[in-house]
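> Line by line, the protein sequences are chains A and B.
Every position in the first sequence, counted from 1, becomes a number in my numbering once 617 is added.
Every position in the second sequence, counted from 1, becomes a number in my numbering once 617 is added.
None of these hints come from the bench; they were simulated from the model.
Take these hints with a grain of salt, some might be off.
Okay, the calculated beta carbon distance ranges per label pair [said to hold, decoys possible]:
no., chain 1, residue 1, chain 2, residue 2, range
1, B, Thr-919, A, Ser-920, 33 to 39 Å
2, A, Glu-898, B, Thr-919, 39 to 45 Å
3, A, Asp-710, B, Ala-651, 29 to 35 Å
4, B, Ser-856, A, Glu-880, 47 to 53 Å
5, A, Glu-883, B, Asp-857, 47 to 53 Å
6, B, Asp-857, A, Glu-649, 53 to 59 Å
7, A, Arg-635, B, Asp-710, 34 to 40 Å
8, B, Arg-884, A, Ser-729, 56 to 62 Å
9, B, Ala-704, A, Asp-760, 28 to 34 Å
10, B, Ala-651, A, Arg-912, 54 to 60 Å
Away from chain B, derived, C-beta distances all over 12 Å, residues of chain A [stated by the list, open to error]:
no., residue
11, Gln-639
12, Gly-703
13, Leu-762
14, Gln-778
15, Ser-812
16, Val-828
17, Val-891
18, Asp-928
Here are some chain B residues the structure puts well away from chain A; computed CB gaps all over 10 Å [claimed, not checked]:
no., residue
19, Arg-635
20, Asp-667
21, Asp-671
22, Leu-851
23, Glu-877
As the structure is a prediction and not an experimental result, all values here were calculated from the model.
Positions of the beta carbon are idealized from the N, C-alpha and C atoms, including for glycine.
For reference, the chains in residue letters:
There are 2 protein chains.
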Amino acid sequence: MRIAITGGAGFLGVSLARRILQAGSLAAGGAEPAPVDELLLVDLFPPPADLADDPRVSALVGNVDDSADALGEVDVIFHLAGVVSGAAEADFDLGMRTNVDGFRAILEHARSLPTPPVLVFTSSLAVFGADPAIGPQETVDDDTLPRPQTSYGIQKYIGEQLVADYTRRGFVRGRSVRLITVAVRPGKANAAASSFMSSIIREPLAGVRAVCPVPPDTPFAISSPARTLDGILLAATASDETWGSTTAVTLPALTTTPREMAEALERVAGPETVALIDWVEDPTIRAIVDTWPARVITARATSLGLEPEPDFESVLAQYLADHPPARGGAAPSPLV
Amino acid sequence: MRIAITGGAGFLGVSLARRILQAGSLAAGGAEPAPVDELLLVDLFPPPADLADDPRVSALVGNVDDSADALGEVDVIFHLAGVVSGAAEADFDLGMRTNVDGFRAILEHARSLPTPPVLVFTSSLAVFGADPAIGPQETVDDDTLPRPQTSYGIQKYIGEQLVADYTRRGFVRGRSVRLITVAVRPGKANAAASSFMSSIIREPLAGVRAVCPVPPDTPFAISSPARTLDGILLAATASDETWGSTTAVTLPALTTTPREMAEALERVAGPETVALIDWVEDPTIRAIVDTWPARVITARATSLGLEPEPDFESVLAQYLADHPPARGGAAPSPLV
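Given these sequences and hints, build the entire structure.
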């Protein structure tokens, strides 16, 4: 079997590739598991060495907008590539070109294949937003009307519509999954408003100070990297019948707060580590976070067998297992 | 003021143009009413003579996909043009090209103007559908999640998302209105599954037999031409604040049945006229009609001052006033 991952050199893409290669086979769309003969990673950057060295891996370095036809015949496409939220807001045309037109090129390529491939489209909880005339969508479920308030959210939601229609028409076997903010992520802090949801854990564990820009009891939704991959992989392996409706499935989320996170960190790493968190409110970030759904009711995901982490302690334990703190130094990360 | 109507030679476009010209002025986006200096009608066909003869009317005959930049500076755009439901289902690429890419060209033209124009986008109740995994959306309101089950419905829903984001960013002052099946329409029966909702009234009044393909008590939603135009015009004249959310407003609908329609017809035109309706069920049409929302709860439209016709008798009275039956012959129609 031949599998393509767009965005295959990003954090999730690399993690997904490693898991697929480790499993060695995939039960695409509910079929019997078949061996993974080739895994094509499409991204602006080449994949890390451990992936590049795997004989099953090939890399296509370039813009996803231009790479669609170079995918060739594939059985499964994981479409993770895209312009992120902040960039799509800063440059409307770039977001439309990549997140809408680039994805349409992928869908058209898939449609041109002799056998419709399974296509997993990673949408986002960012399809929900705080409509100024209505207010935030604090709790959402599978039937909640998305009211995106960013160009990124609009573009992802358009992607969901395209997946639904291409699937209904039999051009692809598409499945849209709405990802939750992934935490704890390895690597470095970035400009995303959600960056603190990882950095207030990751940095103190590495002996580095980190700022929490929202009040300690601010609720928000997160998903561990492992549970996020569970959802993406289930979307690829469920049968059409099991998957059900062509509308998007929101993945399960753990609703937590900075206070809960800090308490879990203190139990594991002690008060000196927690003291490295600076509680300095940033009204801009707080306002953005307040527009995000903090609670998701995910009946479809649950019926598909997906569950969120039970508590933040489990998320933290997973992070520590994957990234054991180096003695007196920064936590090693395969992606830094 | 300069106004453009795409689809300006169709039934609704022509009716809208006549109403705007008759009023002579328009209060665009809540501003003071300003005289209509030029009304540009864009369509594949030239407008009818009464419009073409009006010195304020100019016509642009051509494909809407290619006409966007020829609109020039406009204060208000009514975007009614599009590939209809059946055609968009028969030819996926045509629908995407016209209903998505053609509309994007209009939006990009609007964005290029020095002052963001008011843009009314006519979406459709066809954004709702009977998801095979979930079932029909029998009753819908402003917060119901659309699950389009046709390419037309998907394309209209994508249009709504584009309107929302172009408006949020200040590129246009967009308003999406979801139209209800318009009945009673003048003219001829067509291939649309909803065609009977007009023809079982129009044809008997003209002394011609007509088939009702659904059981007499099948509920469905209709809107009279006048109430439909009320909604489209209100969308153009409401202030941004009054209009509120950038999500679409579903226009009010009268829920009626063929039995109610026939009873109203009998009271007005007698049993011989009603006897011209042949009750011959067509399972295909019945199945399609059963997937359409029969009841709409339109809180936003109501708060904007829009109301459905109170009963089918009122719809029929309006049709008879606009199209008095000719002695022993077909009802005259400006559009036949």
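> If any of the earlier hints don't hold here, list their numbers in rising order.
Numbers 10, 13, 14 - these are the hints that the structure violates, sorted from lowest upward.
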